[in-house]
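Asker: First to last, the protein sequences are chains C and S.
With our numbering applied, the first sequence covers 1 to 128.
With our numbering applied, the second sequence covers 129 to 534.
Everything labelled a hint here was simulated from the structure, so no lab data went into it.
Because the structure is a prediction, the values reported are computed rather than measured.
We treat Cβ as the ideally placed atom computed from N, Cα and C, and that holds for glycine.
Any given hint could turn out to be false.
Unchecked claim - With the Cβ distance kept under 10 Å, some of the chain S side facing chain C (calculated, not the full set): (1) R235; (2) L238; (3) A242; (4) L244; (5) G248; (6) L271; (7) D449; (8) G475; (9) D478; (10) Q479; (11) W511; (12) A514; (13) P519.
Unchecked claim - Far from chain S, by Cβ distances over 10 Å, these chain C residues were calculated: (14) E12; (15) R35; (16) C47; (17) R56; (18) P65.
Chain by chain, the residues run as shown.
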Amino acid sequence: MSRVEYSQLVRERFNRLAHAAQPGEAADASGSAGRVERGAAVELLVCCDGRGLLARVRFRAYGCPALLAAADLAAERLEGQPSVALGRIDPRALASALELPAGKLGRVLLIEDAGQACLAALPQSHGI
Amino acid sequence: MSDEAVVYLDHAATTPVAPEVCEAMLAVLGDPGLAANPSSGDHAPGRRAAALVEQARAEIAALIGAQASEIVFTSGATESDNLALLGVARGSGWRGRHIVSSRTEHRAVLDALAHLEREGFEVTLLDPGAAGHVAPQALAAALRDDTVLVSLMHVNNETGAINDIGALGAVCREAGVPFHVDAAQGIGKFPIDVVAQGIDLLSLNAHKVHGPKGIGALYVSERARRRIEPLVFGGGQEQGLRPGTLAPHQIVGLARALTLAESRRESETARLRALRAALWEALQGCEGVLCNSPLDGHGSPWILNVCFEGVEGESLRYALDGLMVVSGGSACNSMHQEGSYVLRSLGRSDQQAMSSLRFSFGLATDAAGLARAAAEVIIAVRWLRAIAPAPQSASLRASSSAGAVN
Numbered sequence: 001m002s003r004v005e006y007s008q009l010v011r012e013r014f015n016r017l018a019h020a021a022q023p024g025e026a027a028d029a030s031g032s033a034g035r036v037e038r039g040a041a042v043e044l045l046v047c048c049d050g051r052g053l054l055a056r057v058r059f060r061a062y063g064c065p066a067l068l069a070a071a072d073l074a075a076e077r078l079e080g081q082p083s084v085a086l087g088r089i090d091p092r093a094l095a096s097a098l099e100l101p102a103g104k105l106g107r108v109l110l111i112e113d114a115g116q117a118c119l120a121a122l123p124q125s126h127g128i
Numbered sequence: 129m130s131d132e133a134v135v136y137l138d139h140a141a142t143t144p145v146a147p148e149v150c151e152a153m154l155a156v157l158g159d160p161g162l163a164a165n166p167s168s169g170d171h172a173p174g175r176r177a178a179a180l181v182e183q184a185r186a187e188i189a190a191l192i193g194a195q196a197s198e199i200v201f202t203s204g205a206t207e208s209d210n211l212a213l214l215g216v217a218r219g220s221g222w223r224g225r226h227i228v229s230s231r232t233e234h235r236a237v238l239d240a241l242a243h244l245e246r247e248g249f250e251v252t253l254l255d256p257g258a259a260g261h262v263a264p265q266a267l268a269a270a271l272r273d274d275t276v277l278v279s280l281m282h283v284n285n286e287t288g289a290i291n292d293i294g295a296l297g298a299v300c301r302e303a304g305v306p307f308h309v310d311a312a313q314g315i316g317k318f319p320i321d322v323v324a325q326g327i328d329l330l331s332l333n334a335h336k337v338h339g340p341k342g343i344g345a346l347y348v349s350e351r352a353r354r355r356i357e358p359l360v361f362g363g364g365q366e367q368g369l370r371p372g373t374l375a376p377h378q379i380v381g382l383a384r385a386l387t388l389a390e391s392r393r394e395s396e397t398a399r400l401r402a403l404r405a406a407l408w409e410a411l412q413g414c415e416g417v418l419c420n421s422p423l424d425g426h427g428s429p430w431i432l433n434v435c436f437e438g439v440e441g442e443s444l445r446y447a448l449d450g451l452m453v454v455s456g457g458s459a460c461n462s463m464h465q466e467g468s469y470v471l472r473s474l475g476r477s478d479q480q481a482m483s484s485l486r487f488s489f490g491l492a493t494d495a496a497g498l499a500r501a502a503a504e505v506i507i508a509v510r511w512l513r514a515i516a517p518a519p520q521s522a523s524l525r526a527s528s529s530a531g532a533v534n
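With the hints as constraints, model all of the structure from the sequences given.
Answerer: What follows is the structure, given as structure tokens:
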């Protein structure tokens, strides 16, 4: 039904999206990229522990299955990392891990932008 | 989930072959006495095969009020459309080089027209507007002294909007311009009488009405016959208009499918109209839905097209994949997104067009399947909305309106 063929990795992650934010999700900081009106948007929401590590990372996303799956994977990989990892999200690594079609990389770049926006919004007290 | 649990709601794309059609085709394929070339009139097996073909031709002609000699077999509606448009345009010679059609035609027509434009023809595309069907007055206003052909679809393949082909045909007849109708979504579902409705060329196929793929026909009136040129050459079959060895089993399948559809037309129309209304009512349980199909008499009971605002279309279809078979807008392959040109012509935004699903029905469609489909769609829509960031524009935030385009 979808005209783009996705890997089983995307299918499995899309079906769960375990790191999708709950309604009213609390966060120490959040960062967004893209616009729903333009067809793709991502928001990352993070909570840090006392050591400056990302204790909980969640996302909200509007877009194609590739973007949703990649946002979920990015959130999973960020958890437990130092907060500066928000500024080092590698969209190519996400695309590769999910075996995304080449044309979908543009969407995944939004996650990198959202991570940097989130890092910029994180208070100094959280280990930056 | 097993395939048996998948609800098939993409009958406007194609339909499963009916058992009666399959049986009729197998009877031809399995009979060595019918294996000869129907053009081989020198021997009895060839004449038997030809008799089958001619019987099917007569049955099809009778269903649309035509003469058997006016039916030309093709590979399907796309080829029929191309033969009608390119054939009549090129064969009209000194009469002119202007053609009238509409913006919401199938690609088989629009792409053929684009090709004719490259050959120097001038094409006027009428705008059906929000209602989705062409007004006879708009057609009359578009006709010129040098107009050589009008081509309009009977039923829109995306929305189910029905053109009043009788009224449009009357305009063409008054002006003396040949009228082509793409009836791929209308044949077997609505009464067609080519004489009464002023139709000169009619494209039809089998696979939208539980017949086989790969077979169709073009009705060519005597008047149009004088103007139409073939697109391919060799062999002389089909009065030289569409040469090539005929496929008796396919042709028998076409005739059987159309005959069955006609015999079930009235009961299926009533049954599916009720089912479509029930599906639309159920889907309105999900906020922010817009109906892209006319829900009154101008809409086909076989099609319901619905926009789910605030949901990205590709993800919606992906979420439903494996649960049901429905059709939607274009997938996004890059940062550039473009929704259906048909839905945009109705006034929908790109995003609304991308967030639309077409549910289309057939013989196997039942209330239980539709109820299950509606429930799954609502779950998927609510889930995708729940994980989406808030839109920044006021219009999207307030996307809870529900309404019908009619």
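Asker: Go through the hint on D449(S) and say holds or violated, using the shortest Cβ distance to chain C against 10 Å.
Answerer: At 5 Å from the nearest chain C Cβ, D449(S) passes the 10 Å test, so the hint holds.
Asker: Any CB of chain C closer than 10 Å to the CB of A242(S)?
Answerer: Nearest chain C Cβ about 22 Å off; hint violated.
Asker: Please check whether G475(S) passes as an interface residue: C-beta within 10 Å of a C-beta belonging to chain C.
Answerer: 17 Å, violated
Asker: Closer than 10 Å between Cβ atoms is the bar; does D478(S) clear it against chain C? Give me holds or violated.
Answerer: 8 Å, holds
Asker: Please confirm whether C47(C) is truly not at the interface, meaning its C-beta sits more than 10 Å away from all C-beta atoms of chain S.
Answerer: For C47(C), whose nearest Cβ neighbour in chain S is about 18 Å away, the distance exceeds 10 Å, so it holds.
Asker: Any Cβ of chain S at or closer than 10 Å to E12(C), or is the non-interface label fine?
Answerer: 13 Å, holds
Asker: Was the hint right that G248(S) lines chain C, CB cutoff 10 Å?
Answerer: Nearest chain C Cβ about 35 Å off; hint violated.
Asker: With a cut-off of 10 Å, does the beta carbon of L271(S) approach a beta carbon of chain C closely enough for the hint to hold?
Answerer: 38 Å, violated
Asker: Taking the closest pair, is the beta carbon of R35(C) still more than 10 Å from chain S?
Answerer: 6 Å, violated
Asker: Would the hint on L244(S) be counted as holding, given a Cβ-Cβ threshold of 10 Å to chain C?
Answerer: 28 Å, violated
Asker: Just double-check R56(C) for me: nearest Cβ-Cβ distance to chain S has to come out over 10 Å.
Answerer: 16 Å, holds
Asker: Identify whether the interface hint at L238(S) stands, where standing means a beta carbon of chain C within less than 10 Å of its own.
Answerer: 19 Å, violated
This entry does not satisfy hints 1, 2, 3, 4, 5, 6, 8, 15, 18, going by the numbered hints stated previously.
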